[in-house]
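A.B. asks: Modelling step: build the complete structure from the supplied sequences, incorporating the hints.
Taken in order, these protein sequences are the chains called A and B. Position one of the first sequence corresponds to residue 1 (the working numbering), numbered consecutively onward. Position one of the second sequence corresponds to residue 1 (the working numbering), numbered consecutively onward.
This list has only true hints and no planted wrong ones.
A few chain A residues that face chain B, going by a derived Cβ cut-off under 7 angstroms, partial list only:
hint	residue
1	I327
2	V330
3	L336
4	Q344
5	A350
6	L358
7	I361
8	S365
Derived CB-CB ranges, DEER-like:
hint	chain 1	residue 1	chain 2	residue 2	range
9	A	E60	B	L322	23 to 33 angstroms
10	B	R171	A	R331	50 to 60 angstroms
11	B	N49	A	F16	50 to 60 angstroms
Hints were generated in silico from the structure; no laboratory data involved. Given the structure is predicted, the values throughout are model-derived calculations rather than measurements. Here a beta-carbon is modelled for each residue, glycine too, at the ideal position from N, C-alpha and C.
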Amino acid sequence: MQDGIVLRAQNVSKRFGGVQALDKVGFELRRGEVHALVGENGAGKSTLIKIICGLYQRDEGSIVYEGKSVDYRDNLQARMHGIGIVPQDIQLAPKLTVAENIFMGMYPRGRMGLVNWKELRRRATEIAETFAMERFVDTKVEALGTGHRQLIEILKALIFETKIIAFDEPTAALSDEETRELFTLIGKLKERGISLIYVSHRLDEIFKIADRFTVFRDGRYVATKNVAEVSKTDIINLMVGRDLNLAAVRRDPSSVQGPALLEVKHLSNGRSVQDISFQVRKGEILGFFGMVGSGRTETAMTIFGVTPPQGGEILVKGKTVKIASPIEAVRLGIGLVPENRIAQGVILGASIRNNITLPFIRRLSRAGFIRGGDEGAVVAEFMDNLRIKAPSHRSKVKTLSGGNQQKVSIAKWLASRSDIIIFDEPTHGVDVGAKAEIYHLLRKLADEGKAILIISSELPEILNVCDRICVFRNGCIAMRFEENRGLSEEEVIKYAIGNVEASVE
Amino acid sequence: MNEKGVTTAMKSSIAPKRRFGSLVGQARMFLVLVALIAVFSVSSPYFFNLKNLFAIGLTISVIGIVCIGQSLILLTGAFDLSVGGIAGLSGMVVGLLTKQYGNYWLWFCVGLGVGTLIGLVNGLLITKLKINALITTLSMMTILSGVVYLVSGGFAIGINLPSFRFLGTTRVFGIPLPIIILVLLYAVFYVILKFSVFGRYVYSIGGNAEAARLSGINVDRMRILVYTLSGLLAGLGGIVLASRLGSAQVDAGSQYPINSIAACVLGGISIAGGEGVIWGSLIGVGIVGVLQSGLIMVGMPSYYQWIATGLVLLAAVYLDQLRKN
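C.D. replies: Next comes the structure, spelled out in structure tokens:
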């Protein structure tokens with residue numbers, strides 16, 4: 001049965017509002033294999049494993065598990081049948097013990113339906129012994145680190161006779177020590193004949209632990225291959241696709257000779273941002289690369305006045321300025337396209353028109369009343385300019401696709417004539433077509449004389465778009481690349497993660 | 001190309017349906033109002049005549065004025081439970097001072113000032129000390145009803161000065177002045193909300209306060225402003241009420257928090273903020289007023305009003321949710 005198929009998904013589709021997250025995808029999992037799911041953000045990896053684990057319900061298609069067609073209505077049902085998940089954001093009850101968390105939702109019952117605590121402890125200890133965790137069964141979860149919390153999620157999966165465990169970006173928040181431990185553990189699970197689905201952005205990890213991989217792109221199935229038969233470049237090509245003109249919007253920085261529009265000296269916020277210095281010149285695109293939590297977004301938020309600086313200096317167009325809130329930042333001509341579009345970038349329930357003119361509606365008014373004609377003209381110009389596809393400027397933003405929502409979030413700063421625009425993860429959750437469009441737009445903006453700052457965790461994006469690159473690690477700039485010519489991913493990434501890769505090898 | 005498909009699909013279905021849906025929603029509440037009037041007209045021979053309709057109009061004029069402020073605050077995504085307390089105290093202050101010193105119009109201005117000031121305090125507590133809006137205004141409501149008893153000694157203040165009774169009892173071409181004030185105020189605030197920068201900010205903050213803040217809007221200042229306006233309008237409501245009744249009552253406005261929220265939500269102002277049209281609140285006020293008056297006309301004891309209002313509020317919030325989905 002070594003080659004036997006445990007689970008087969010066929011023609012699975014899932015739609016969220018205006019976004020087709022999965023479009024008739026297939027997937028096949030063998031017994032005892034580690035199968036990696038690869039693809040860019042928004043490719044559909046997480047959606048698929050959530051459907052397999054009963055967290056989402058598919059719109060169409062079939063899933064055959066152990067020879068039977070299944071349709072789980074929730075995660076608990078899937079777990080009881082042997083499909084567990086270790087989610088990206090671990091959700092445990094911090095005030096309860098490890099034992100209580102492991103058996104959450106299915107405490108053993110004793111007389112009169114009361115919880116049989118003794119039995120709970122006994123069984124929790126038994127399961128915890130598998131990974132030498134038994135000394136923690138009575139520890140409250142809040143006292144444990146991320147790595148141990150992840151182990152609890154795995155133990156939760158093991159209380160049933162588990163055949164499949166899905167990992168969603170398990171190493172995103174782990175230290176290199178914890179990552180090593182996790183890989184050992186995955187090896188043990190494999191020996192027991194458990195099949196593992198492994199979602200990760202980190203290609204090196206996939207080469208290290210996966211047997212096979214499946215690539216998704218833009219919600220569609222692309223290919224399944226043996227890891228041993230391919231190179232890293234092969235995987236990247238499959239992920240990005242060849243039909244895209246994503247490359248080469250970067251410029252040689254020596255061709256950009258404008259004055260510095262934004263200059264930051266020794267900026268710190270007392271916590272996650274320490275001694276940051278850089279400048280962005282008129283007409284250039286500066287990239288901030290680094291892992292989540294490395295201080296990139298926090299730096300932008302400090303510049304924009306969301307979290308006020310504790311030290312250092314900010315100069316806009318050569319003048320030292322005080323930015324205590326976004327009100328001043330906007331007044332100084334700085335715009336921010338935030339990472340979380342839905343929560344921070346747009347007002348979903350408001351029209352495209354009201355969203356676009358919000359930062360500068362005062363300028364379109366006389367005696368406190370909006371000049372409708374002027375507003376309409378500006379909105380029409382920028383909807384056209386950015387090719388925002390919608391029935392009308394009165395359409396509510398929530399009816400638009402992710403890419404068009406992002407364009408609205410960008411349009412308001414273009415329309416308000418900001419000279420310095422910060423983009424935090426500008427292509428998160430937008431499909432590949434819109435992605436290319438946004439890259440060309442960024443370059444166009446720089447050519448028009450704006451200073452552009454891009455924050456991204458997608459290295460190909462940084463390498464394709466930016467003229468100069470700052471790599472962030474632990475709240476500091478770990479490395480500056482004053483020109484972006486012939487840089488390899490490895491060269492850049494090693495500064496973002498310190499020595500992790502070296503020690504994993 | 002996928003995107004193009006989505007857009008085309010949207011063009012044909014989603015967008016027009018939504019617009020149509022909201023029109024139906026507005027019109028539907030108006031139909032409910034008409035239907036209620038029809039039902040009570042049939043049930044009671046005393047209901048449908050100009051005299052009674054004016055009486056209802058007078059009753060709702062005060063709560064209607066209070067509802068404008070409540071609408072502004074609901075549109076920003078918050079509540080004001082202190083509107084009743086403010087109305088009560090403003091009316092009482094004007095009553096007491098006029099009784100003592102005469103000179104009504106001076107004390108009228110002082111009464112408005114008291115309402116405005118309390119609204120300002122609400123706004124400052126909520127934005128500067130960051131105390132939850134519900135708790136702030138709930139506490140303020142309790143404090144104010146205590147203050148009303150404190151200053152009045154627990155007795156209603158009856159006054160028969162013509163100037164004191166001017167606002168509440170004057171008729172213009174046979175129409176009671178409070179009704180005219182009500183309609184004028186709604187017209188003014190309709191224009192402000194629809195066409196002014198202030199209105200745009202109110203809707204934006206209610207729609208997504210964080211996005212508004214990151215767009216450079218002074219969200220705190222706007223919140224303070226809407227609470228201050230709500231205080232001013234509630235104060236005006238309380239003064240008009242005292243003038244209409246010819247006395248400042250100690251428990252005036254005690255039902256305003258729930259009645260005003262019920263009316264606004266019934267009229268389509270979303271409790272989540274950011275959506276709704278101010279005319280809707282007037283329709284909502286009409287429904288609550290007709291319901292309460294009608295129940296008395298058909299011989300129901302007055303406490304049935306409270307039961308009915310509570311049920312109507314639940315139904316209205318449920319409708320709001322249905323609309324959302």
